[in-house]
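Those protein sequences? They're chains A and B, same order as listed. In terms of the working numbering, the first sequence opens at residue 1 and continues consecutively. In terms of the working numbering, the second sequence opens at residue 288 and continues consecutively.
Derived from the structure by calculation, the hints contain no laboratory data. These figures come from a predicted structure and were not determined experimentally. Treat each hint with caution, since some may be false.
Here chain A is said to cover these stretches of chain B; the calculated rule only asks that three of the stretch's residues, wherever they fall, bring their Cβ under 8 Å from a Cβ of chain A [as the list claims (entries may be wrong)]: (1) 440-453; (2) 512-522; (3) 525-536.
Taking beta-carbon pairs under 7 Å as the criterion, some of the chain B residues facing chain A (in silico) [unchecked claim]: (4) Ile400; (5) Val466; (6) Leu469; (7) Thr579; (8) Met583; (9) Gly586; (10) Gly589; (11) Ile590; (12) Met593; (13) Leu594.
Among the chain B residues that face chain A by a calculated CB cut under 10 Å, a handful are [unchecked claim]: (14) Gly340; (15) Val342; (16) Val344; (17) Ala418; (18) Gly422; (19) Gly424; (20) Leu427; (21) Ile539; (22) Leu580; (23) Leu587; (24) Arg597.
All C-beta atoms, glycine included, are put in the ideal place defined by N, C-alpha and C.
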Amino acid sequence: MIWLDTFVQGLMLGALYALFAAGLSLVFGIMRLVNLAHGDLIILAAYLILGIATATGFNPVLAAVLALPLMFALGWVLQTGLFNRVLGEDILPPLLVTFGLSVVIQNGLLQAFTADSRKLAIGPIEGHSLDLGLVTVGVMPLITLVSAVLVVLLLNWLFYHTALGRAFRATSDDAITVQLMGVRPRSVFAIATGIALVVATIAALFLGARVNFDPSIGPARLLYAFEAVIIGGLGSLWGTLAGGLVIGVAQAFGAAINPEWQILAGHIAFVVVLLIRPRGLFPRMQD
Amino acid sequence: MRNGITLFITLVALALLVCVPMLGSRAMVQDLFTVLCLLVLALNWNMLAGFAGLVSVGQQAFVGIGAYTMFAAVILWQVDPLIGVLLGGVTAMLLSIPAAFFSFRLNGAYFAIGTWVLADIARLAFGQWKALGGGTGTSLPKGTTKQMFGVDLVKDMLGVSSAAAADALLYWLALALVVIMLVASWLFLRSRMGLGLQAVRDNVQAARAVGVDPVRLKALVFLLAAFGTGLCGGLLFIQITRVTPDAAFSVIDWTAFVIFIVVIGGIGTLPGPVVGVVVFYILERALSDYGTLYLMALGLLGIVIMLFARRGLWGTFVQRTGLDVLPLSHAAPKPGATN
Numbered sequence: 001m002i003w004l005d006t007f008v009q010g011l012m013l014g015a016l017y018a019l020f021a022a023g024l025s026l027v028f029g030i031m032r033l034v035n036l037a038h039g040d041l042i043i044l045a046a047y048l049i050l051g052i053a054t055a056t057g058f059n060p061v062l063a064a065v066l067a068l069p070l071m072f073a074l075g076w077v078l079q080t081g082l083f084n085r086v087l088g089e090d091i092l093p094p095l096l097v098t099f100g101l102s103v104v105i106q107n108g109l110l111q112a113f114t115a116d117s118r119k120l121a122i123g124p125i126e127g128h129s130l131d132l133g134l135v136t137v138g139v140m141p142l143i144t145l146v147s148a149v150l151v152v153l154l155l156n157w158l159f160y161h162t163a164l165g166r167a168f169r170a171t172s173d174d175a176i177t178v179q180l181m182g183v184r185p186r187s188v189f190a191i192a193t194g195i196a197l198v199v200a201t202i203a204a205l206f207l208g209a210r211v212n213f214d215p216s217i218g219p220a221r222l223l224y225a226f227e228a229v230i231i232g233g234l235g236s237l238w239g240t241l242a243g244g245l246v247i248g249v250a251q252a253f254g255a256a257i258n259p260e261w262q263i264l265a266g267h268i269a270f271v272v273v274l275l276i277r278p279r280g281l282f283p284r285m286q287d
Numbered sequence: 288m289r290n291g292i293t294l295f296i297t298l299v300a301l302a303l304l305v306c307v308p309m310l311g312s313r314a315m316v317q318d319l320f321t322v323l324c325l326l327v328l329a330l331n332w333n334m335l336a337g338f339a340g341l342v343s344v345g346q347q348a349f350v351g352i353g354a355y356t357m358f359a360a361v362i363l364w365q366v367d368p369l370i371g372v373l374l375g376g377v378t379a380m381l382l383s384i385p386a387a388f389f390s391f392r393l394n395g396a397y398f399a400i401g402t403w404v405l406a407d408i409a410r411l412a413f414g415q416w417k418a419l420g421g422g423t424g425t426s427l428p429k430g431t432t433k434q435m436f437g438v439d440l441v442k443d444m445l446g447v448s449s450a451a452a453a454d455a456l457l458y459w460l461a462l463a464l465v466v467i468m469l470v471a472s473w474l475f476l477r478s479r480m481g482l483g484l485q486a487v488r489d490n491v492q493a494a495r496a497v498g499v500d501p502v503r504l505k506a507l508v509f510l511l512a513a514f515g516t517g518l519c520g521g522l523l524f525i526q527i528t529r530v531t532p533d534a535a536f537s538v539i540d541w542t543a544f545v546i547f548i549v550v551i552g553g554i555g556t557l558p559g560p561v562v563g564v565v566v567f568y569i570l571e572r573a574l575s576d577y578g579t580l581y582l583m584a585l586g587l588l589g590i591v592i593m594l595f596a597r598r599g600l601w602g603t604f605v606q607r608t609g610l611d612v613l614p615l616s617h618a619a620p621k622p623g624a625t626n
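Whole structure, please, built from the sequences with the hints as guidance.
Rendered as structure tokens:
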């Protein structure tokens with residue numbers, strides 16, 4: 001039964017990674033932008049939630065709701081002012097710009113909030129657990145898992161059943177031709193990055209409620225998120241969810257054998273999946 | 288004529304750098320040693336990203352492997368640290384073969400992430416090496432550097448303490464590595480293979496059409512860069528004298544800084560990293576007291592360069608003035624000449 005328990009814990013951890021990865025996957029699928037600052041933007045969102053909660057006295061969940069439009073605006077501004085200028089055939093400029101941004105955000109947070117670790121106090125629900133017969137699960141991790149599935153469902157609905165989603169898909173397929181149909185790729189990209197940061201804010205809430213965070217932990221989360229995106233397959237949001245769960249379960253089993261092997265096990269799962277399926281588990285498009 | 292002047296300036300600068308241990312303080316020698324090592328790393332990364340189109344975020348793997356091999360050579364096999372450095376380079380190159388086998392399946396941005404994951408695997412795996420202290424790392428045995436091959440010679444020559452002689456020796460080795468890297472890169476890029484590499488970078492289809500094999504060339508550069516990076520890692524950690532997985536495989540110290548140096552100086556040019564490392568050194572001197580602000584300034588500078596002067600300081604200078612000190616292009620064939 002211990003193995004089943006480990007497996008379920010892994011799924012819950014993986015759901016958090018899937019939330020980190022969903023925004024990344026969306027942006028990557030639409031404009032092939034590898035955002036190396038995504039991890040630090042999640043941490044920035046966590047500090048924003050903390051700041052709003054401290055200033056207003058609201059519960060972090062409510063503070064996160066207030067943070068959503070702010071993060072959307074930040075994404076829109078970043079895309080319009082920065083990323084749109086460097087997108088193109090050459091992958092190096094966007095990579096380096098987001099890398100620079102990552103360093104700026106990380107050290108800016110360090111300057112403003114020091115290296116002390118913080119946590120978002122959600123309330124008594126953090127301690128509650130649910131007996132599901134075979135295994136007992138924490139209520140918060142379970143909510144994280146449900147949220148991850150909901151976010152992917154919602155993004156998929158947006159992608160395949162709305163006019164905006166149609167613009168996303170069309171721009172992803174051919175950014176030149178869509179302009180003939182009256183779609184501006186640049187504003188489509190700006191909305192996409194805004195949505196990605198909205199998802200990042202949701203991820204930040206669950207991250208901050210689950211573990212302590214400090215300004216330096218962004219890059220490691222980014223790495224897990226990227227692993228999830230890549231083994232999930234380019235452009236598939238369900239693939240990204242599956243990828244996150246694979247990394248989470250691998251890490252949980254690694255940690256169960258030896259705590260030092262947690263991260264290593266996740267990385268090895270990533271390498272093994274790519275050796276067997278170079279294009280990921282559920283590749284949607286060619287690239 | 289212009290080439291003569293360039294050569295003269297280069298030789299004078301080189302002579303000055305060689306004389307630093309005789310004229311400057313020990314702190315200065317140690318400082319410049321680190322700068323020279325960063326330059327070696329930058330020259331290697333520039334070959335990868337600037338010429339072979341392999342944007343790796345995992346070069347810290349080879350710094351760490353070089354460092355750990357050197358430590359293993361000294362502590363476990365009682366070998367001279369300098370031989371350890373050489374072994375470090377060779378080990379890094381050997382381990383780059385499986386790394387290439389995996390990461391070459393990934394393209395562009397995926398390659399960057401893939402190499403980063405591999406480097407993290409290396410960090411975690413070397414942290415399991417209990418004989419070298421596991422996760423907490425280990426130090427070089429006391430006096431190792433003083434007994435290093437060649438230290439006595441330098442000591443007699445300069446008339447200084449063993450410790451200062453060891454610093455001078457390491458400094459000269461780093462300087463030699465820089466010169467070798469620069470000359471070797473120039474010869475390689477001017478060779479048939481280098482020409483093929485630049486052709487691949489500019490247009491893969493066209494290069495293939497004239498018979499260039501992109502994968503073979505890129506794999507060669509990847510292996511050689513791993514060798515150079517591994518050597519540099521071993522050398523660096525003789526001076527640092529203490530190795531931990533987090534320090535030896537630090538993505539910030541051995542890859543992020545190096546990327547900024549190359550980008551600021553001018554990616555895809557040979558003098559670019561040299562210019563970049565000078566700017567980096569000046570910035571560090573001026574701002575290092577401010578810690579986080581210094582890093583933010585570096586990040587901002589990288590962003591600004593990418594937005595407004597994508598070729599970096601050197602590339603922009605060449606574009607504006609037409610003065611190219613180390614031209615890589617070949618002269619066009621003379622009209623009427625037959626092959």
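Hint check results:
Given a C-beta distance limit of less than 8 Å, the hint that chain A covers the stretch 440-453 of chain B is violated, as 0 residues qualify and 3 are needed. Beta-carbon proximity to chain A at under 8 Å applies to 0 residues in the stretch 512-522 of chain B; the threshold of 3 is not reached and the given coverage is violated. A count of 0 residues in the stretch 525-536 of chain B with a Cβ less than 8 Å from any Cβ of chain A is obtained; the coverage claim is therefore unmet, three being the minimum. A cut of 7 Å between beta carbons decides the hint on isoleucine 400 of chain B: the least distance to chain A is about 5 Å, and the hint holds.
Checking valine 466 of chain B against chain A by beta carbon gives a least distance of about 28 Å; that is not within 7 Å, so the hint is violated. A hinted interface residue such as leucine 469 of chain B counts as satisfied when its beta carbon comes closer than 7 Å to some beta carbon of chain A; here the least separation is about 22 Å, so the hint is violated. Proximity of threonine 579 of chain B to chain A holds as hinted, the smallest CB-CB distance being about 4 Å (cut-off 7 Å). The interface hint given for methionine 583 of chain B is met, as the beta carbon of that residue sits about 5 Å from the closest beta carbon of chain A, less than 7 Å.
Interface hint status for glycine 586 of chain B: upheld, as the beta-carbon distance to the closest one in chain A is roughly 4 Å, under 7 Å. At about 4 Å, the closest approach between the beta carbon of glycine 589 of chain B and any beta carbon in chain A falls short of 7 Å, and the interface hint on this residue holds. Residue-level restraint check for isoleucine 590 of chain B holds (minimum Cβ-Cβ distance to chain A is 4 Å; threshold 7 Å). Checking methionine 593 of chain B against chain A: minimum C-beta separation of about 5 Å stays under 7 Å; hint holds.
This hint holds: leucine 594 of chain B has a C-beta 6 Å from the nearest C-beta of chain A, less than the 7 Å allowed. The interface hint given for glycine 340 of chain B holds, since its Cβ lies 9 Å from the closest Cβ of chain A, which is under the 10 Å cut-off. The restraint placing valine 342 of chain B at the interface with chain A holds, with a minimum CB-CB distance near 6 Å, inside the 10 Å limit. Contact between valine 344 of chain B and chain A, as hinted, is supported at the beta carbon level, the nearest pair being about 8 Å apart and thus within 10 Å.
For the restraint placing alanine 418 of chain B at the interface with chain A, the shortest Cβ-Cβ distance is roughly 16 Å, beyond the 10 Å limit, so the hint is violated. A hinted interface residue such as glycine 422 of chain B counts as satisfied when its beta carbon comes closer than 10 Å to some beta carbon of chain A; here the least separation is about 7 Å, so the hint holds. Contact between glycine 424 of chain B and chain A, as hinted, is not supported at the beta carbon level, the nearest pair being about 14 Å apart and thus beyond 10 Å. Annotation: interface hint on leucine 427 of chain B violated; nearest CB of chain A at approximately 25 Å, more than 10 Å.
Annotation: interface hint on isoleucine 539 of chain B holds; nearest CB of chain A at approximately 8 Å, less than 10 Å. For leucine 580 of chain B, the interface hint holds, since its Cβ comes within 10 Å of a Cβ in chain A; the closest pair sits about 7 Å apart. With its C-beta approaching chain A no nearer than about 6 Å, leucine 587 of chain B sits inside the 10 Å limit, and its interface hint holds. Because the beta carbon of arginine 597 of chain B sits about 6 Å from the nearest beta carbon in chain A, less than 10 Å, this interface hint is met.
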